[in-house]
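Novice: Chains as they are written, first to last, in our numbering: chain A, 1 to 395; chain B, 1 to 167.
These are computed hints drawn from the structure, not numbers from a lab. Treat the hints with care, since some could be wrong.
[Unchecked claim] Not everything, but these chain B residues come out facing chain A in the computed CB check (under 8 angstroms): (1) HIS44; (2) PRO57; (3) LYS60; (4) LEU63; (5) GLY84; (6) ASP98; (7) GLN102; (8) ASP105; (9) GLY108; (10) PRO119; (11) PHE121; (12) GLY122.
None of the values given here were measured: they were computed from a predicted structure. Cβ atoms here follow ideal geometry from the backbone N, Cα and C, with glycine treated the same way.
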Amino acid sequence: MRRAFWSLVLVSWAASGTAHAYPFMIRHGYTQCASCHTDPSGGTLLNEYGRAQSELLLSSIYGHEEELSDSAGAEPTAGGLLGLAALPSWLRLGGWLREGYIWNAVDGRIVDRRLLQMRADVGADLRIGAFRAAAELGYSSADATTFTQLAQITRSTTGPNLIGREFWAGVETFGGDGLLRAGRINVPFGLRNLEHTSFVRTATQTDINEDQTYGVAFAISRPAWRAEMMAFLGNLSVHPDAYRERGGAGYLEVSLAPTTALGVSALAARSDASLATRLPTLRQAYGGFARASPWQPVVVQVEADLLLNNQLGSGAQDVGHAEWLQTDVEVFRGLHLLGALEGMKTGATPVLQKGAWASLWWFAFPHVDFRADVVQRWSEGPSTLTVLVQANGYL
Amino acid sequence: MRLAPFLLMLAVGVPVAARATPTFPEAIARDLQLPAPPACTICHATNEGGAGTVVKPFGKYLLSRGLAPFDESSLAGSLAAAQGERHDTDGDGISDVDALKQGLDPNGSPSAAPLLEDPSFGCSATGGGAGNTLLLAFVVGLRLVAAHMCRWRGLERSPDAPDETAQ
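Generate coordinates for the entire structure from the input sequences, incorporating the hints supplied.
Specialist: Here's what the structure looks like:
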């Protein structure tokens, strides 16, 4: 039994994976996600400026920085899908392909290793005057069904599925600083970090892999602060209706300095039947998060959340918590060393779980990056060790 | 040039079918030293089991911990994960493994939600054939876009184009 204490959450990396949300860009003074992303809270398609910055600031450079800056600053491909097609100014297209390989070990012995199909999505964003719309469609293999089912469009339980993480339409307000939209939207809560298996994301059910829900959201980005609030109408990919959560979530992040931001989040959602327990449940999460870059090569991110789970009608309440502390050191342009510590305690897993991450992330070329993670987790039983390597290409 | 291979790779995913595994109840009993194999319904919708019928929360939890069809070592691993985490699917204070050892259903008492059907996922209008049609249309669309991009980049030679390799 003891021999195969599998990776706890990391199997979920088999899911079609992650979008691009890089909160560490605060090292360059970018506290606003909307500067580079079409989603005002980040995590999805890049706009023209974001494409340019991904080359100027994100990727490794192989030559004289000044020359590259001069040429890349005018990146002629920024709005034209890498020069592959001339796009009208109102249309942005994108695509993501992420593949990986995972090893899981228990007490130092490998018990699982396999290839992962993590993400295969295409996306588009329209901006016609004040009107905005965006959609992403993706392929999820049969192996990933369990981890993408909340985003399924098709309903196969034995084969591959078409999935749609995001699709929404809305209007810009406040001179383009605000966006009122409706559709399937990422839940606005906490850090929008890439590590969607981190405890803070899984415990609050706010990852950008499959935890989006349907609703109406209003986001606003001002120079010194940004915020988004969302009313949940329920995840229409879940049937029957009793399992759908209604409620709301939101965050407010204030920029204390060009490279320091502090935020708070709240979430409350009720369902007639929790997917976990099938009992009427009120789920709440309240927390704070912060990002800071005291020195440009270093970014520290932290999030701490209080978790409250009420079984309605019984008076029972589970109180838990989840934490995340990550440090990102950019050794040289495009090469990041990351370390993270995390903790989680919930009603379903009443023993405090602890985790430590060590990662190497190389943005080798524009629109291509490679990443390796080593994750150790501890609970009551034997510790687990997971190693994941992945390659990601995006347009 | 770079988009076409990307889209082609995107369009050629290979599905892997999930299947049911009749030996799992006995394997669970052996691994956890239970007096008798548990019912299939601790994971499946019915005791008939079958492909795509793992709808119970405990079954889905085991899947999330690496359970794979016909792979008893993966079952042992996922049960070990449940034991290590002291996972409690129904939140009744009795861990899933302890519940199994006590002859209980880790999903909780059926009387807790007697009339609730099992959850399903996806758009209600896309079941069965319609879903497959949508997925096929998506893949075909990607292939068409890739082909278009190849032509646009001049990768596909027109029949009357001069053969530059002929010397």
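Novice: Run every hint past the structure and note whether it holds.
Specialist: Now the hints, each set against the structure:
1. The closest approach between the C-beta of HIS44(B) and any C-beta of chain A is roughly 12 angstroms, which is over the 8 angstroms cut-off, so the hint fails.
2. At a threshold of 8 angstroms, the smallest CB-CB gap from PRO57(B) to chain A is about 5 angstroms, leaving the interface hint in force.
3. Below 8 angstroms, beta-carbon pairs count as interface contacts, and LYS60(B) has one with chain A at about 6 angstroms; its hint therefore holds.
4. Because the closest C-beta pair between LEU63(B) and chain A is about 5 angstroms apart, less than 8 angstroms, the hint holds.
5. Given the 8 angstroms rule on beta carbons, the hint for GLY84(B) holds: about 2 angstroms separates it from the nearest Cβ of chain A.
6. Residue-level restraint check for ASP98(B) is violated (minimum Cβ-Cβ distance to chain A is 12 angstroms; threshold 8 angstroms).
7. With its C-beta approaching chain A no nearer than about 18 angstroms, GLN102(B) sits outside the 8 angstroms limit, and its interface hint is violated.
8. For ASP105(B), the suggested interface contact is broken, since its CB lies about 12 angstroms from the closest CB of chain A, more than 8 angstroms.
9. For GLY108(B), the shortest C-beta to C-beta distance to chain A is roughly 7 angstroms, which falls under 8 angstroms, so the interface hint holds.
10. The beta carbon of PRO119(B) is positioned within 8 angstroms of a beta carbon in chain A (closest approach about 5 angstroms), and the interface hint is therefore held.
11. Interface hint at PHE121(B): satisfied, since its Cβ lies 4 angstroms from the closest Cβ of chain A, which is below the 8 angstroms cut-off.
12. For GLY122(B), the interface hint holds, since its Cβ comes within 8 angstroms of a Cβ in chain A; the closest pair sits about 3 angstroms apart.
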